[in-house]
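Given the coordinates of chain A, assemble chain B onto it according to the supplied hints.
Number of protein chains: 2
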Amino acid sequence: MPELRRDPVTGRWVIFSTERSRRPADFATEKEEPLVASCPFCAGHEAQTPPEIYAVREPASAPNGPGWRVRVVPNKFPALRIEGDLDKQGEGLYDKMNGVGAHEVFVEGGEHATTITAIPGSIFRETVHAYRARLADLKNDRRLAYGLVFKNVGRRAGASIAHNHSQLIATPVVPITVRQEIAGARQFFEYRGRCIYCDILRQERASRARIVLETDAFAAVVPYAARFPFETWVVPTRHVSHFEDASAAELDAFAETVLVVLGRLERSLGSPPYNLAIHTAPFVDAPLDHYHWHLEIMPRVTETAGFEWGSGFYINPVLPEDAAKFLSNGTR
Amino acid sequence: MPELRRDPVTGRWVIFSTERSRRPADFATEKEEPLVASCPFCAGHEAQTPPEIYAVREPASAPNGPGWRVRVVPNKFPALRIEGDLDKQGEGLYDKMNGVGAHEVFVEGGEHATTITAIPGSIFRETVHAYRARLADLKNDRRLAYGLVFKNVGRRAGASIAHNHSQLIATPVVPITVRQEIAGARQFFEYRGRCIYCDILRQERASRARIVLETDAFAAVVPYAARFPFETWVVPTRHVSHFEDASAAELDAFAETVLVVLGRLERSLGSPPYNLAIHTAPFVDAPLDHYHWHLEIMPRVTETAGFEWGSGFYINPVLPEDAAKFLSNGTR
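Keeping their order, the protein sequence lines are chains A and B. Residue numbering for the first sequence follows my numbering, beginning at 1 and increasing consecutively. Residue numbering for the second sequence follows my numbering, beginning at 1001 and increasing consecutively.
It cannot be assumed that every hint is accurate.
[Said to hold, decoys possible] With a straight-line Cα cutoff of 20 Å, these simulated EDC-like cross-link-like pairs (lysine to aspartate or glutamate) come out:
id, chain 1, residue 1, chain 2, residue 2
1, B, Lys1096, A, Asp199
2, A, Lys76, B, Glu1303
3, B, Lys1139, B, Asp1007
Hint data in this document are derived by calculation from the structure and do not stem from the laboratory.
The shape of chain A in the complex, shown without the other chains:
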């Protein structure tokens, strides 16, 4: 069973997942390895993954065989496990709990494609609907406080399997980054009575300097204080705190916007490794006036180093206005 430990100074939690572990000495030889040859995510290889939790399938097809377009399975090497009761304990100064949670993989299409823009857009649209379905389901589990949906593309961005996929990790505590973001947004709301993300959207739409792409339902924008070159956020126009409360039409528009932005990143930057993560409100919160779900896309074209790790300061060599202009491709 994985174990969660809390840093007593900062309150940051760490998951110790020793089942994913190699022996300490194995780290000595870690090198860039080629991504796996026989792909467990390809259609026809369904037996290589744990049984599916959810799938978008042809009407007549049976579970765990071919005929699917999106398939959600438990991670074979889960960071957290769904079985068991939460057991919180102290250890002198320290706090720990057992690693109860969920770790699911969304396989995007049975075809062995390594970029989501290379397959029909309908597959990512159905994946986004699957995110919502899984979040809404996990939210019913009272042991779980938060669900984070994310995607790692490219080995330098932490991907170990190249076949298109996303992941969802549901945790028994609200992650520190989420708590800090929501605390900042709450402080603004208390002071001004408005959602800070709604205000950001208003200012960005007026200035247009950092807009990458805009539709009625979404804006893709390079944030004013972007940590990374070409970092882009996709923000819904309508104020909703929880991703799982977005409408079906919004999810469709979201998938379309994200695909356009990713396509531009790939064409402009030569398919860089990237991470994306949906920032949404905790399961345990009712709808919040002060928080606004959104997606953050982080291309990994620079390395984070000692300064960033030691300070939380970032050094970004590309101004957001220049990045937005480059990614907007003359569309604005």
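Relative to chain A, chain B alone:
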């Protein structure tokens, strides 16, 4: 002039340093490049760096020529610049300031060695004394709030020059990671009336499960909630909040402890890339009862991915007790 921008939600600052910039399109082709052939840090190449600010030299030698063991020079591509007054401005919702600060490089020995353990230990000892001298000097500059000393080793850890060196960046605001760490330590002090780091040392020395190395003046310990495999902190026994207030004898003992730990990391893990950073109290604070300077060493043997970036949660496949046992080499 670089620009500092503040994320309006989290309060995190980002340095936009466009003089370090390539054009946006240049990111498209970024690949692993070999580290520079003609090394600007080698003895005899002093003219390839800006003039020295500080040096440990042979008595008769002239500045900016050979005869030095440690040489501190301004970074040729500084993230922040020392000239000019601080100019803080709003931009609608947002806050920015000009990039006043310091960015210095500590060249460790004139010999082209790429690991600090391969050259005489006296050079790192003199470098550590140089850290203190430079911090004490920059502290007199009222525009500066914080000085971060760090070291990047290996390209994956963000190093662009292989020759042994450290860096110091002094910033006009206190970095968010430092503020959060000090706030957490202050909260503990308010509740218990003790320094949390002193308490951690006491518990670690009693349990011994995570001790890597111990002397009278320092303990090297794998923290209870280590983010990374083999992450190691070097913590002084004596409670001092500011690194620059350590005694000369403590600095000597510190250098020696760090060299032993780095040597073990290198031998055990095959010279992995790593970052290290000194965590110390802000320039602007008087000595603090609730904060305790220390060093954090972070080997970069795993990738951080979307989950870590989106949540601030870390997944660590190696238990701190196993890492400490591995690094203690049977010495405990």
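Status of each hint after checking the structure:
With a C-alpha separation of about 17 Å, the suggested pair Lys1096/B and Asp199/A falls inside the 20 Å cut-off, and the hint holds. For the given pair, Lys76/A sits about 19 Å from Glu1303/B by alpha-carbon distance, which is consistent with the 20 Å threshold. Taking the CA atoms of Lys1139/B and Asp1007/B, the gap is about 26 Å. The hint is violated against a cut of 20 Å.
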